[in-house]
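Student: Each chain is listed here by its residues.
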Amino acid sequence: MLDLGSGRPKLEVQEAGAGPSLFFLHGAGGVAWDGALGLLAKHFHVYAPSLPGFGKSPSEGLELIEDALELWQLGFDVMEALGLEKPLLVGESFGGWIAAEMAALRPKEVGKLALLAPVGLWRDESPVVDLFGLTIGELLPFLFHDMKSAAARNMSQLTTLMSDKDDRTQAQIDQLIAIFLGFRTAAKFLFPVPDTGLERRLWRIRVPTLVLWGAQDRLIAPSYAELIAKRVRNAQVVTIERCGHLSMAEQPEATAKEIQRFAGI
Amino acid sequence: MKFTWFHLMPYRWLPADFRERYHSVWVDLPNGIYDPEKGHDLYNEYLDMLEYAEQCGFDAIAVNEHHQNAYGMMPSPNIMAATLARRTSKAMLLVLGNSIVCYNPPTRIAEEFAMLDVISGGRLIAGFPVGTSMDINYCAGQNPATVRDKYREGHELIVKAWKTREPFAFNGKYTKLRYVNLWPRPIQQPHPPVWIPGLGSIETWDFCAQHDYNYSYLSFSGYKRARNMMNGYWERRTALGADDNPHSAAFFQQVCISETDAQCEKEWWPHVDYFFNKCLHLYPGTSEAPGYRSEASLRAGIVAQFGNTTQNMGIDKTWKQLVNEGYILAGSPETVRQQIEELGKTLRVGHVLLGCQIGSAPAELVNRATKLAGDQILPKLRHLYSDYEDRWWPKALPASRRAKPGAHNPVSAGVGP
Numbered sequence: 001m002l003d004l005g006s007g008r009p010k011l012e013v014q015e016a017g018a019g020p021s022l023f024f025l026h027g028a029g030g031v032a033w034d035g036a037l038g039l040l041a042k043h044f045h046v047y048a049p050s051l052p053g054f055g056k057s058p059s060e061g062l063e064l065i066e067d068a069l070e071l072w073q074l075g076f077d078v079m080e081a082l083g084l085e086k087p088l089l090v091g092e093s094f095g096g097w098i099a100a101e102m103a104a105l106r107p108k109e110v111g112k113l114a115l116l117a118p119v120g121l122w123r124d125e126s127p128v129v130d131l132f133g134l135t136i137g138e139l140l141p142f143l144f145h146d147m148k149s150a151a152a153r154n155m156s157q158l159t160t161l162m163s164d165k166d167d168r169t170q171a172q173i174d175q176l177i178a179i180f181l182g183f184r185t186a187a188k189f190l191f192p193v194p195d196t197g198l199e200r201r202l203w204r205i206r207v208p209t210l211v212l213w214g215a216q217d218r219l220i221a222p223s224y225a226e227l228i229a230k231r232v233r234n235a236q237v238v239t240i241e242r243c244g245h246l247s248m249a250e251q252p253e254a255t256a257k258e259i260q261r262f263a264g265i
Numbered sequence: 001m002k003f004t005w006f007h008l009m010p011y012r013w014l015p016a017d018f019r020e021r022y023h024s025v026w027v028d029l030p031n032g033i034y035d036p037e038k039g040h041d042l043y044n045e046y047l048d049m050l051e052y053a054e055q056c057g058f059d060a061i062a063v064n065e066h067h068q069n070a071y072g073m074m075p076s077p078n079i080m081a082a083t084l085a086r087r088t089s090k091a092m093l094l095v096l097g098n099s100i101v102c103y104n105p106p107t108r109i110a111e112e113f114a115m116l117d118v119i120s121g122g123r124l125i126a127g128f129p130v131g132t133s134m135d136i137n138y139c140a141g142q143n144p145a146t147v148r149d150k151y152r153e154g155h156e157l158i159v160k161a162w163k164t165r166e167p168f169a170f171n172g173k174y175t176k177l178r179y180v181n182l183w184p185r186p187i188q189q190p191h192p193p194v195w196i197p198g199l200g201s202i203e204t205w206d207f208c209a210q211h212d213y214n215y216s217y218l219s220f221s222g223y224k225r226a227r228n229m230m231n232g233y234w235e236r237r238t239a240l241g242a243d244d245n246p247h248s249a250a251f252f253q254q255v256c257i258s259e260t261d262a263q264c265e266k267e268w269w270p271h272v273d274y275f276f277n278k279c280l281h282l283y284p285g286t287s288e289a290p291g292y293r294s295e296a297s298l299r300a301g302i303v304a305q306f307g308n309t310t311q312n313m314g315i316d317k318t319w320k321q322l323v324n325e326g327y328i329l330a331g332s333p334e335t336v337r338q339q340i341e342e343l344g345k346t347l348r349v350g351h352v353l354l355g356c357q358i359g360s361a362p363a364e365l366v367n368r369a370t371k372l373a374g375d376q377i378l379p380k381l382r383h384l385y386s387d388y389e390d391r392w393w394p395k396a397l398p399a400s401r402r403a404k405p406g407a408h409n410p411v412s413a414g415v416g417p
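Top to bottom, those sequences are chains R and A.
The opening residue of the first sequence carries number 1 in the numbering used here; numbering runs sequentially from there.
The opening residue of the second sequence carries number 1 in the numbering used here; numbering runs sequentially from there.
Bear in mind the hints are in silico, worked out from the structure with no lab data behind them.
A hint or two may mislead.
[Stated by the list, open to error] One side only, chain A facing chain R, incomplete, derived with CB under 10 Å:
1. Gly32
2. Tyr34
3. Gly141
4. Ala145
5. Glu156
6. Asn277
7. Gly291
8. His383
9. Leu384
10. Tyr385
11. Ser386
12. Asp390
[Claimed, not checked] Covered stretches of chain R (chain A as the covering partner; in silico rule of three or more C-beta atoms under 8 Å from a C-beta of chain A):
13. 127-140
14. 185-191
15. 199-207
Here a beta-carbon is modelled for each residue, glycine too, at the ideal position from N, C-alpha and C.
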């Protein structure tokens, strides 16, 4: 547990692998190693903090992050505490937004930037699906291209937590609460419309940037990749085929390979 | 015991296949199915019912607040209360809105409640719901992760604005005001009684005990299912060192009153069916935004919230089930009286909020029930808990000092040219 001092959130930071530093910011589902992240740990030293409410990080920490600026600053505080200098910064979805903001805030402290279907922009003609207004069962088809994929089937087990009867085990209740606490953290920054104003700040991003998107992303349309690439001066867009919003889970090999290629490893 | 006539104001013309065709009665039900001209009649009919309740002897009449909701058509309870303030003179006005977090700046609530208190001659009971997640998060866009904190701050500002006689600066996290200086200020001193509607969270009980506010348990599932919850309330008050005054609590109960038990089901079932099987048709995806409840409340309520929802709400139940399980108190005045007495005694509540209009029930039926209640139920139960001081009741101006609406209009005063 990373202790940043009194009055600061306590955060779990998971590490794996050896090699160049990769600082990973998770999405609204938290850190998972069974997808691309585990593959990346074969080539990088991966540092994966959990935001308050995610993983083992106490949810009370959320009260100590007053606004979005303090969230981005927290990212740098963690990097500093871990002794990371100019790491490859990788963020997925909710974490992709934070990563982009960090790169815009202190461009000299980020080595390279990989954004995996980041949230944060908004076009009325292409509304981002309401992450907070669907049941788990209804949300899943928005997250995956192929509902029969291993990753989708794995996550479908979560729908059994939503029972009509009082027949859940304590472990299931804990899992359900964990999902809610994580979503609560995401909601603090993304509810009710996830337009964070990032678009106005994208021009500040100077580092080489990979914008990676699942070609069949139904949660945040792939057209947002071009929107980002137009404003980030040193950006390249990569689209992964047969892939929904959660590219790290649904296409782990292709996603990890693109990140390695981008990093030059 | 005191009796409040409580209206939800449901829309009456939801189609027969409503549940098949629409996703929810709330939040995203397209307003194309609302007919404003029918709505015109309905508002006036419903306000007539509330005004008639005063004439039948109810101690208070009540309105509440919901947004984008076909069973609760009062996005602004203050507008409803304003019309009632002018058209009634004796009944207290229980306004179980205003959802503090939805109003910016919250001094707007302090102002409007002060206006209602002044217009009505001090008859106002001020309600401060946190608001359901549907209302405040999904409809009003308030952030679920900060909404409780914002509520606490807004409440502090409103009460301070009511109590303070000099301009002051308020430096809050959610509201910053250089000059808070309420005009008008309420008649009731230091401020109108405050009632907090809730659904059983411990935080709300603590908040009520701490500020000496009334806790109003608003449930659609009736008094029999409320027993555990209200036991929890009284135990919590004891633990906090608060007294066991029954008037510190109110309970909402829907009732169907006819002349005889036999005729009740026939008269009321279509309207009860309309309420439980159409008005409570809710979509679980927008029932609770993440962060709306604390982790502790979430753990305590997880079964109620995520399991059994349909069953607890009374959907797909028969008349017999709804009656036997106490969702509705139905029958002759004497039958209903007995049950209200049991309700009052088992839950230990000094205030009963009677839902006398249910679902699609029309004025003729409802007014008849209101009259039966006023004549045959209320007088027989008023003695209950009358030995306890009611600190949660308005201190209205005596009748002799109250203005008479119309007195200065030459036509209505009958002195015009």
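Student: Now, for every hint given, state plainly whether the structure supports it.
Tutor: Hint check:
no.	hint	result
1	Gly32	violated (20 Å)
2	Tyr34	violated (22 Å)
3	Gly141	holds (4 Å)
4	Ala145	holds (4 Å)
5	Glu156	violated (18 Å)
6	Asn277	violated (17 Å)
7	Gly291	holds (3 Å)
8	His383	violated (41 Å)
9	Leu384	violated (35 Å)
10	Tyr385	violated (35 Å)
11	Ser386	violated (41 Å)
12	Asp390	violated (38 Å)
13	127-140	holds (count 5)
14	185-191	holds (count 5)
15	199-207	violated (count 0)
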